[in-house]
Structure formats: structure tokens, C-alpha cells
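Novice: Work out the full structure, taking the sequences as your base and the hints as a guide.
Position one of the sequence shown corresponds to residue 1 (full-length UniProt numbering), numbered consecutively onward.
To be clear, the hints were calculated from the coordinates, so they are not data collected in a lab.
Careful, some of the hints might be misleading.
Unchecked claim - Label-pair distances were calculated between CB atoms; the ranges are:
1. LYS2 to ASP64: 16 to 22 Å
2. GLY25 to ARG83: 30 to 36 Å
3. GLN23 to VAL73: 16 to 22 Å
4. GLN16 to ALA77: 15 to 21 Å
5. PRO9 to ASN75: 17 to 23 Å
6. TYR10 to SER84: 29 to 35 Å
Cβ coordinates follow ideal geometry from the N, Cα and C atoms, glycine included.
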Amino acid sequence: MKLYVGRLPYQTDDNQLADLFAQYGEVISANVITDRETGRSRGFGFVEMSNDEEARNAMSNLNDSVLEGRNIVVNEANERAPRSGGGGGGYRGGGGGGYRGGGGGERRSYDRGNGGGGYRGERRY
1 MKLYVGRLPY QTDDNQLADL FAQYGEVISA NVITDRETGR SRGFGFVEMS NDEEARNAMS
61 NLNDSVLEGR NIVVNEANER APRSGGGGGG YRGGGGGGYR GGGGGERRSY DRGNGGGGYR
121 GERRY
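Specialist: Spelled out as C-alpha cells, the structure:
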């Protein structure tokens, strides 16, 4: 069973997290989540225990316990929904637009002919 551990002290690392949970059973993995750019802890992590009974025991004993002056939160991790391929750029959807559309000699959708195209904030002279 995978557990979410929140409100971790920012200096807690993977090994310390594993050691904390090891007193309740076999720890398969322990990961403190860090910021991609700075490498600093984001104050939460995940621990995977070898079986549900050990995980529940750890959860009931460690939830709201004090670790280095902070009351940590321990509960069952929610599985993250898989990401869909859509959403993220605005220019991905079907249909024409941009530089894709149009045929032969007809006017392209990006060349509206009225000088109103471009992006916001663009200076036109």
C-alpha cells in the first residue's frame, strides 16, 4: 500500500522517511518530493509498504505525530489519474488555423489582410 506523508520538515530526506516507517514494517520505497528547479523538498512524500496491514499500522501511529517540530499527516495515497494527451498548448486541436490550412493560391488563415493579426502586445508599425 502506498501512503502519502505531508507536512514533512523540509530537511527530511528519503532515508529518514524510510527509517521512520521501517519501525512498522518493510518499506519498499520512500520518496520525498523535491522541486525540479531548486532540488529542495516540497514538504511531502510517499512511502510504499510491503503489505496493507503494516501500512495501516504505520498510518494510525504516525498520522498527526511530531517529526522535528511538525505534526505530519499520513494517509493512503490517492492514485493519480493518467494524463490525457490533450490540453497544453492551445494549438493542438483539430481543424485549420495557423500555418496548416489553406490550399493553392487562396489567402491563408494567418494572413487576414486587414492588419489585425498577430499576437497581443505585438507592435505594428
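Novice: All hints, please: hold or fail.
Specialist: Going through the hints against the structure:
no.	hint	result
1	LYS2 to ASP64: 16 to 22 Å	19 Å, holds
2	GLY25 to ARG83: 30 to 36 Å	32 Å, holds
3	GLN23 to VAL73: 16 to 22 Å	18 Å, holds
4	GLN16 to ALA77: 15 to 21 Å	19 Å, holds
5	PRO9 to ASN75: 17 to 23 Å	18 Å, holds
6	TYR10 to SER84: 29 to 35 Å	33 Å, holds
Checked against the numbered hints given earlier, the structure satisfies every one of them.
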